[in-house]
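Trainee: Here are the chains, one letter per residue:
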Amino acid sequence: MRVFSSALLQARLGGVLRGDADKKITSAASLENARADQLSFVVGQKFLQKASQSDAGLLIATQAMADQLDRDCLIVANPHAVFAQAVVLLHPAPLPASGIHPSAIIAEDAHIGADVRIGAAVVVERGAHIGTGTVLGAQCHVGAHARIGAHALLHPRVTVLHGCELGQRVILHAGCVIGADGFGLAWEDDHWSKVPQVGRVILGDDVEVGANTTIDRGALDDTVIEAGVKLDNQIQIAHNCHIGRHTAIAACVGIAGSTRIGAYCQIGGAAMIIGHLEICDRVTVSAGSFVAKDIKSPGIYTSVQPLMAHEDWKRNAAHLRHLDALSKRIRALERTAPNQANNKEPR
Amino acid sequence: MRVFSSALLQARLGGVLRGDADKKITSAASLENARADQLSFVVGQKFLQKASQSDAGLLIATQAMADQLDRDCLIVANPHAVFAQAVVLLHPAPLPASGIHPSAIIAEDAHIGADVRIGAAVVVERGAHIGTGTVLGAQCHVGAHARIGAHALLHPRVTVLHGCELGQRVILHAGCVIGADGFGLAWEDDHWSKVPQVGRVILGDDVEVGANTTIDRGALDDTVIEAGVKLDNQIQIAHNCHIGRHTAIAACVGIAGSTRIGAYCQIGGAAMIIGHLEICDRVTVSAGSFVAKDIKSPGIYTSVQPLMAHEDWKRNAAHLRHLDALSKRIRALERTAPNQANNKEPR
Amino acid sequence: MRVFSSALLQARLGGVLRGDADKKITSAASLENARADQLSFVVGQKFLQKASQSDAGLLIATQAMADQLDRDCLIVANPHAVFAQAVVLLHPAPLPASGIHPSAIIAEDAHIGADVRIGAAVVVERGAHIGTGTVLGAQCHVGAHARIGAHALLHPRVTVLHGCELGQRVILHAGCVIGADGFGLAWEDDHWSKVPQVGRVILGDDVEVGANTTIDRGALDDTVIEAGVKLDNQIQIAHNCHIGRHTAIAACVGIAGSTRIGAYCQIGGAAMIIGHLEICDRVTVSAGSFVAKDIKSPGIYTSVQPLMAHEDWKRNAAHLRHLDALSKRIRALERTAPNQANNKEPR
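Residue numbers (the working numbering), protein chains in the order written: chain V, 527 to 873; chain H, 527 to 873; chain E, 527 to 873.
The reader is advised that the hints may include incorrect statements.
One copy or two, it doesn't matter: identical chains are merged, so the pair holds either way.
As the list claims (entries may be wrong) - Below, a list of computed lysine to any residue pairs in the SDA-like style, where the Cα atoms sit at most 20 Å apart:
(1) Lys720 to Arg695
(2) Lys819 to Met834
(3) Lys840 to Gln611
(4) Lys819 to His845
(5) Lys720 to Ala619
(6) Lys822 to Cys806
(7) Lys550 to Ala533
(8) Lys854 to Ala844
(9) Lys549 to Gln564
(10) Lys819 to His836
(11) Lys840 to Asp581
(12) Lys819 to Val614
(13) Lys854 to Ala607
(14) Lys720 to Pro618
(15) Lys822 to Leu679
Just so you know, the hints here were simulated from the structure itself, not pulled from any lab data. Here the structure is a predicted model, which is why all the values come from computation and not from measurement.
So that you can see chain V by itself, here it is in the shape it has in the complex (with noise of 0.2 Å):
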């Protein structure tokens, strides 16, 4: 455990302290639960209150906020940032040890950048690259003639596959698989044979993938994901897909193959995409909706189902298997009432 007094968090951060400047602080946390020793944060009035309420040691706060509360504060212009690099100050995530861990198994062509950390029982295959300052965890593997850009970092259990190219400072979590192959197959007179998949994946600077997401490798082209690009975990990218600069996707999303994803889009979790579509730029697609055609505007688009009480459902949900009739016999009716004024057709 780390421990700071409050002079160097203001040392190392920046800003005015006001309080007790030899206080010692071991971590941070939310407000609700920070204790005597941790460091928390304020931002906007409603969270007034609770602020005044914590235990929180130390609070990072605007003069604004400080001047509202009798607590020990770091008062600085931007508190949400500052708080974020105090986080990483005293909550550093533990790293392999500098160089290559003697149990480490390392293809004697690779390419291995200087500063690097390799962790325990990796594998690197023959001419594959590792760039400067990059940190291989536990247990990853990265495939013949994969190139990995400067700074990556990759948590334990990470697998490229040969041939995969992915940019600096990219970021892959737990578990997840670069470069599988794609689900090609043709049909051949009495049982499916397996289409060559032999194009690349390609990870542009910044891009994050997170645990168990799996990024098929395109067919012949290359499926890319572009700078900034943030992938949450359990994710599917099929063969061929291109997504856009600082595109988000949350966890348990599908994309089919060859869709086209544009940048500054937004995909809600579990969200559905089928193959060959696109998607132009600053979309939001909201959780749990299914996708089947070509969106051409910015916008929200949804096709969710409302939740109701399981008796509830099974009453309304009949009819779902009825409505053209319903319609028709709504038309029937507007047919013959009386006052034909009301009879205008939507669409």
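Since the structure of chain V is already known, use the hints to place chains H and E on it.
Mentor: Frame of chain V, contents of chains H and E only:
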């Protein structure tokens, strides 16, 4: 393969044996598939015929059922529970050998309890704690300062990341990832900035986690799975979720960040639950349902579409885009209908 | 990188070469992206223009297409199949070296067939059987007494748990887990009790399993995937399922316990199928659909919601909670409508 005589099974399991005490039994099977050297069981009058036609060498049954069957029987009060014991006896799961496999890589300062079994190519990082009698299957990874309680069973290739805390008798299946970073992002000018994720995952006693399931660490506070919770395969639990004791969650479920699910709930397969919700105790969510609101009363909740032949679906689904217009047309008809008594609009 | 002359490609692939026999070809690419040292192919009149504009150094084409193209061509009867052969020739997947990598940990009594390739950090447990010519990528794990047939290809980091049986020419992708415990629970007084899972997973010949897919072992009997079945990534197949031969299942599908799916079916991505169902041969389930009933006739089945702009969805979805009331209001109107001839209620 183990071989038990009927007499030895009776000695180990209790009950009264009727039939050949020397019969050799090698394994357990269902009534339909059992052979003459296999044990099966029968509960419920409706399975009487299947039992009388089964080739099983020995049946576990109540006295009442045994009286109707001309077969070797082990007669007990609770055949289901005794059969489960017999299955464990006949089919012991293979475990790593006692002690620590020479290929395992254990940090010098890790605490390893008595009577552990640690398999090949396991990595235990510095400061980790492995409880008494715990089993780590081949290729498991236990991160720095993680703590695993006594008598836990980690199947091969499980990843428990740094600082996470697991209770006693926890069972983790292959490929699950405990403690990856949550999906914490803040938009800054022109890109996503990573919000540090420094909370832990806390698993209570007797929790079971399925294959390739992912549970993210909390952002600041912890992600908490209470005692007795059972999670199936391919589940995603996001940062800061809290799952109450003895809740069971089927495969492919996704639960977004900071959602709290009560105790004794049952979440059906592939259900998706958005973030920051509260679901009370004793709620059942049907398989495939989408939960986007708090649930405040126990009961069964559902939101799925009924399956149709594709042609029927095309005809019906088109109207889903026009339900609001349909409803307005009905209201218009009601206004002009001759018999006003029928025109009660619900809700 | 391999380099072939056009003449050498013709010698290996057959067909008639038209153009420069000495041209150097290094790889295969799509018509759009091919460079002058790359091979591509053209099938179908509608791709004629793309082919004539392509920079590809050599095109595989039929005589009829070649006659319309002023390009170097390898003329064959079936360009698609010959191109697939060419792709494998030009892009051989890197395999582990022949024999057993010194870092692999192989139980003394494991049976290792002739001509295997076993990669770094592989673990093969006691009594396991690896067939002739089979490849185990780095970090694979084969459990005790598991059997893998001849000429199988396990990509890096595949887990096959104890006792499972795989046929010949099986292909398993990174991160898949074959034979984890099924989700067998029995409620006892105040907690869930684990039902032992002692069946196996049986994979027939030529089965392919995608990255991070999980197939659970049977509870007592086996989970069976018949010959020629193709499974994409992130699929969950629960205990005791039976999948008929040559069925193809796209990514993110979940199939609950004891369901039987027939032969020659196609299950679209993210479809969810509940337990204890029977689906007959030659059924297509559309992507994203939810199957909660037996399917007894071949055909296409669907149950998805159409996507809408979020504001339209809000207006329309509200009525899903009142479809039953809507239907009753229509019936009331019909009872009082002047022209009774129109009032035929369907179904």
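Trainee: Given a CA cutoff of 20 Å, do lysine 819 and histidine 836 count as a within-copy pair, a between-copy pair, both, or neither?
Mentor: For lysine 819 and histidine 836, the Cα distance is within 20 Å only across copies (15 Å; inside one copy 31 Å).
Trainee: If the cut is 20 Å between Cα atoms, do lysine 819 and methionine 834 qualify within a copy, between copies, both or neither?
Mentor: between (28 Å within a copy, 10 Å between copies)
Trainee: With identical chains treated as interchangeable, where does the CA-CA distance between lysine 720 and arginine 695 reach 20 Å or less: within a copy, between copies, both, or neither?
Mentor: between (35 Å within a copy, 12 Å between copies)
Trainee: Regarding lysine 819 and valine 614, is the shortest C-alpha distance of 20 Å or less found within a copy, between copies, in both, or in neither?
Mentor: neither (42 Å within a copy, 34 Å between copies)
Trainee: For the identical chains here, do lysine 854 and alanine 607 meet the 20 Å Cα criterion within one copy, between copies, both, or neither?
Mentor: neither (58 Å within a copy, 50 Å between copies)
Trainee: Is it within, between, both, or neither for lysine 840 and aspartate 581, if the alpha carbons may be no more than 20 Å apart?
Mentor: For lysine 840 and aspartate 581, the Cα distance exceeds 20 Å both inside one copy (49 Å) and across copies (43 Å).
Trainee: At most 20 Å between C-alpha atoms: does lysine 822 with cysteine 806 qualify within a copy, between copies, both, or neither?
Mentor: For lysine 822 and cysteine 806, the Cα distance is within 20 Å only inside one copy (5 Å; across copies 39 Å).
Trainee: Can you tell me if lysine 822 and leucine 679 fall within 20 Å by alpha carbon in one copy, between copies, both or neither?
Mentor: neither (36 Å within a copy, 42 Å between copies)
Trainee: When no copy is named, should lysine 840 and glutamine 611 be tagged within, between, both, or neither for a Cα gap of at most 20 Å?
Mentor: The answer is neither: 52 Å in one copy and 40 Å across copies each exceed 20 Å.
Trainee: Give the relationship of lysine 720 and alanine 619 under a CA distance limit of 20 Å: within one copy only, between copies only, both, or neither.
Mentor: Result: close only across copies, 14 Å inter versus 42 Å intra.
Trainee: Is it within, between, both or neither when you check lysine 550 against alanine 533 at 20 Å Cα-Cα?
Mentor: within (9 Å within a copy, 68 Å between copies)
Trainee: Measure nothing new, just compare the shortest in-copy and cross-copy C-alpha distances for lysine 720 and proline 618 to 20 Å and report within, between, both or neither.
Mentor: So lysine 720 and proline 618 pass the 20 Å test across copies only (14 Å; inside, 46 Å).
Violated hints, listed in ascending order, are 3, 11, 12, 13, 15; each of the other numbered hints is respected by the structure.
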